[in-house]
Amino acid sequence: MKNTKTDVLVVGGGAGGMAAAVSAAKEGAHVILLEREDAVGGVLNQCIHNGFGLQFYQQELTGPEFSYKLEYELRDKDVHVVCGSYVRYIDFSSNSVYVISPSGAQIITAGAIVIATGARERPFGALLIPGDRPAGIFPAGLAQRYVNLENHLPGNRALILGSGDIGLIMARRLTLEGMEVAAVVERMPYPGGLTRNVVQCLEDFGIPLLLSNTVTRVRGNGRLQSVEVSEVDEQFNPVSGKERSFEVDTLILSAGLIPQVEDYVRDLDTDPVNKGLSVSNTCETNVRGVFAAGNNVAVFDLVDYVAAEGWIAGRHAAFNALGKAHQSQRIPVVRKGMVGVLVPNMVDPNEHLRIYLRLKAPMDKGKVIIRELEIEKSFVYGVPSEMIQLVVNKDKLDRIRDLNKLTVEVLS
Amino acid sequence: MQIVVIGGGICGSLILRKLSALRNVSAVLVEAKSDLGQGVTKANSAIVHGGYDDPHGTVRAALCVKGNDLFADLCEELNVPFKRTGSLVVARDNPDEIKKLEELLENGKKNGARGLRIIGKDELKKIEPNLSEDYKHALHCSSAGITEPWMIAIAAANIGRMNGARVITGDPVTGCNISDGHVEDIILESGTRITADCVINATGVHYNEVASIFGVVTPPVKLRKGQYILLDKLAGGMIKSIIFPTPSEEGKGKLVLPTVDRGVLLGPTSERLDSYTPDDVATSDKGLRDVIDAADSLVPGISRYNWIIKSFAGLRPDTDERDFFIKADDRVKNFITVGAIRSPGLTAAPAIAELVVDELIPQILEFSAEPKERIVTRLPKTEKINELPFKEIARMIDDDPLHGRIVCQCNEVSEREIINAIREGAKTIDGVKFRTRAGFGRCQGSFCGWRIAQILSRELGIELSEVRLNEKDAWILNGKVRP
Ligand SMILES: Cc1cc2nc3c(=O)[nH]c(=O)nc-3n(C[C@H](O)[C@H](O)[C@H](O)COP(=O)(O)OP(=O)(O)OC[C@H]3O[C@@H](n4cnc5c(N)ncnc54)[C@H](O)[C@@H]3O)c2cc1C
Ligand SMILES: Cc1cc2nc3c(=O)[nH]c(=O)nc-3n(C[C@H](O)[C@H](O)[C@H](O)COP(=O)(O)OP(=O)(O)OC[C@H]3O[C@@H](n4cnc5c(N)ncnc54)[C@H](O)[C@@H]3O)c2cc1C
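Protein chains in written order, with our numbering: chain A, 1 to 412; chain B, 1 to 483.
For reference, chain A alone in the conformation it holds in the complex:
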C-alpha cells in the first residue's frame, strides 16, 4: 500500500474542485486532485447547453467548454489529477485521506484539504410519492446523462416533476430529441429555475408549466403507464377534484439537489438551511486546514460562483499548507427576514467577503441589509432560483472585528 504526501488535496473534480486545484497550484503548492469518475468536469460534462462562464471567463460557454478551460489550467499548473479514485474515509485529525482506485489503495496525507464533492439529486424514493414502483422514473441528471453522454432516450412521452433548472433544460432537450413532454409540474406557485430557462426551455416550445401542482400517484407494472397530478393548496396538500392523469411512460424528477456531505458530517459542521458544509469567507470549515467549495456548501445557481469559491478555497488551502496562513478570526453570519440559503456562515474580517443568498420566496422588490456594515442594496423582482450576490471589500470589515455576529437581512 502506498503512502503519499502532498500540500493540498482536492476531493472532487467538478468546477469547484478544479478551480481550487488550479489556484492552490498557482500559489506554489503541490496539488493532488481526486475524482471518482473517469474524467474531471462533474455535472459540466453533461450540461451541453450554453449559459456558463459569463462572469468567471467573461464569455458565454457550454458546460464542457467551461470544464475544458479549467482542465487546460490543471495541466498547465501540473496538478496531479487521479480519476477513478473513490475517497473512502478522511481522518481529519491527521488530514489522511484513504483512497481506493483501480491502480491501488493509498493513504494521502495533505497539508490542507479542499472538499468539492458537489450535490446529488433527490431521488424518487425520498419524495414518498404513492403508487407502484415501475421503470421509467429518472432523476433529471441521470436522464440528461443518458441522452447527452450515453446516446439513449429514456422513453417516448414524459412528464417532468419540478421546475428547477435541470428539469427545464431537460424539457427542452427531450423535445429537441423527439420525445414529447406533456408538462412540467411544480408544487410551488412560482418556477424553481432561472427565468431565462422558463422562457427558453418551456415557453419557446409550448410546454405547459403547471404551478401549484404535484404528482400524487404513479401507476404501472413494469414500465410507467400514467402519472396522476393534482393541484395543491398552500400547505402542498392535494385539492380534491383538481386531479388529472397523464398517460406518460417517463417521469423526470427535478426535485432538488442535496449537497453531498454525509461522509463528513461526523467531523464537519453543516448549515441547517443550506444543508451543506458550513464555511467562512475563506471557504474554511470548522476544522482548520479543511476547506469546502461548490455545491456541497450550498446549491449554487451559477457555475461562475462555484468556480470563484473554489478559487478562494484553493488559495487559502495553499496558504494553510505552506504555513502562510495568518491567525484567522471567525464571526458568525446570521440570517434575518426573507434570507434562505446563505453563504458564508462565518466571516474572517481580514479577507474580502462575498455573500450569496437566496430568498425564501419571490419578492416584487426588497433590500438586502447588513446593518453592522451599513450596507443596503435594493432589488426589484427577486426569486429564490436566482442568487443575490454582494461583495464587501476587506477594508470595510475592520469595524466588525469586535462584534459577535454579522446579520444579513432581507426586507421588502
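No lab work stands behind these hints: they were computed from the structure. There could be a bad hint or two in this list.
Said to hold, decoys possible - Some chain B residues near chain A, calculated using beta-carbon distances under 7 Å: (1) Phe82; (2) Leu288; (3) Ile308; (4) Ser311; (5) Phe325; (6) Leu388; (7) Pro389; (8) Phe390; (9) Ile393; (10) Pro401; (11) Ile406; (12) Gly449; (13) Ala474; (14) Ile476; (15) Val481.
Stated by the list, open to error - From the derived model, a few chain A residues whose C-beta atoms are all more than 10 Å from chain B: (16) Gly51; (17) Gln106; (18) Gly141; (19) Arg196; (20) Lys336; (21) Arg354; (22) Arg371.
This structure is a prediction, so every number in the text was calculated from the model and none was measured. Positions of the beta carbon are idealized from the N, C-alpha and C atoms, including for glycine.
Dock chain B with the ligands against the given chain A, drawing on the hints supplied.
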C-alpha cells in the same frame, strides 16, 4: 425421481437446496419472475423472530422457534448476513400494556422461545437511549435478529444449482397434466414441459391460483398489505434493536428496526385488501403517513425528511385460520402446498424446508432419501469491499484492479462485485441491486444507475436499451438518440 418446486421465494429455494443434496432425486425449481426472492421474500421486515407472539399450538409458532434455531447456521452456510440484534416489545406504564408483555412472555415460554425477559425503564433506556420516554417496560428477546431475506433465496438456489438442481426463472407454471390422481408433468408459459413425480407449490401470495391449476383446493388467501419507509445509514445510530409497540388485533404493529447494512426500516402497515390483487404493492399517502407517525412515537425524530430514501410495500398471504397451510393434497396424491406463509414465514422457512423434505415427501412418495456423497454445503465467501479493512482492500486491488473501481459510492460496491453478481445470475438492474446493494443507498442509483446498466449490457452482450429494471416489460431506455 424428479421433484419440481414451484416458486423461488425463501421457502421454495430452501426446499430446493435440501432436495439437491439427495442422490435419488433430481430437483427443479421454477420461478415466474426474472429472479429469485422477488415475491413476498423481497418486501418484509426481514426479522428472524424470537417466536413468542405466535399463539401456542399453531403450526407457525412451532416452526418459528425451530426456524430461529436453524438460522445462524443457515446464514453461515449461505454466506448471508444475520445479526442477532435482539428485539424489544415496548410498553407504556399502563396495566393493559404491561399485562400484554406478560402474556407474550408466557406464550413465548410455552412455544420454547429463547432469551425472553421483561425489563424495566433503566435497562430499556440503556439499550435504546433514543426511545420515547413514554415507554417504561419491555419484553426483551435476545434470540431475535435481522437478515437479508432475498439473499437467502438467491444463495439457496445457487447451492441447489451447484449440487445439480435445475433453476428456471422468468417462466411461470401455467398448466399440467394429471392422470389417475397424480401430476405427470407441468407446463410452463414458454411451452416447456417438465415431468414431475412430485410437485411442491411454494408460490407465496399465489398459492391458491397455482393450486387451482392442479385442481387442488386450498384455504382462500386474504391479502394484507404492509407499507414501509427505508432510512439512510445516518439514521442507523439512533437504534440498536428491533422495536415493536405492544401488539394489537391487527398484528405486531408498526416498528422501527435496523437493517443489516446499518439503515433503518419503518413500518409495516397492516391493511386488508378487499380483492385478490397479488400484484398490488402500491404505497399510499395515508399508509406512508401512518408509518412516519408510528415511528416518531416510538423513536421521536427518527423519520427526518433528509433520511428518507425509499418507500415500498409487501403483501402477506394470510387466511381466516391465520396459520400456515403446509399439506399434501388428498386427491392429487403427489402435490404438496406450502401456502399461507405469512409472518413469521421468513423465520420459519428453514424449518418448513425440513418439514417438507424430511417428512412430507417421504410420506407421500414412499421413498427413503439417500444423501449424495459429495455436495456443496457452503457458498464461498464473496468479498464485499464495504466490509473489509483498508489493508485487505489494497491487497485485493493488487490482484485485481476491478476491486478498486467503486461503482456505487453510497454503498461502496466495486465493479468486480457487480460482475460477479452477473456471473452468478443477475440479469437486471434489480438483480444487481439485490445481490450487491449497488443502487440501494442514499442516491438510489442517480449516480451509478447508468454505469450498472452499461456493465450489464457489456457482460450479457445485450444492447443498453435491452437492459431491464426487473421484469420483461420494465424497460429503461428507448433506443438510441442517433445512430
Ligand atoms: C442541468 C444543469 C444545468 C445548469 N445550468 C447552468 C448554467 O446554464 N449556467 C451556470 O452557470 N450553471 C449552471 N449549472 C450549475 C453548475 O453547473 C453547477 O453548480 C456546478 O458545475 C457545480 O460544480 P461542483 O464542482 O460544485 O459540483 P460537481 O460538478 O457535481 O462536481 C463534483 C465532483 O466531485 C466528484 N466527487 C463527489 N464525491 C467524490 C468522492 N467522494 N471522491 C472523489 N470524487 C468525488 C464528482 O464525481 C464530481 O465530478 C447547471 C447545473 C445543472 C445540473
Ligand atoms: C409486510 C410483511 C412483513 C413480514 N415480516 C416478516 C418478518 O419480519 N419475519 C418473518 O419471519 N416473516 C415476515 N413476513 C413473512 C415472510 O416474508 C413470508 O412468509 C415469506 O417471505 C414467504 O416466502 P415464500 O417463499 O413463501 O413466498 P414468496 O417469496 O412470495 O415466493 C413465492 C414465489 O413464487 C413465485 N410464483 C408465483 N406464481 C408462480 C407460478 N405460477 N409459477 C412459478 N412461480 C410462481 C413468485 O413469483 C414468488 O417468487 C412478512 C411478510 C410481509 C408481507
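Violated hints - listed by number, lowest first: 1, 5, 6, 7, 17 and 18
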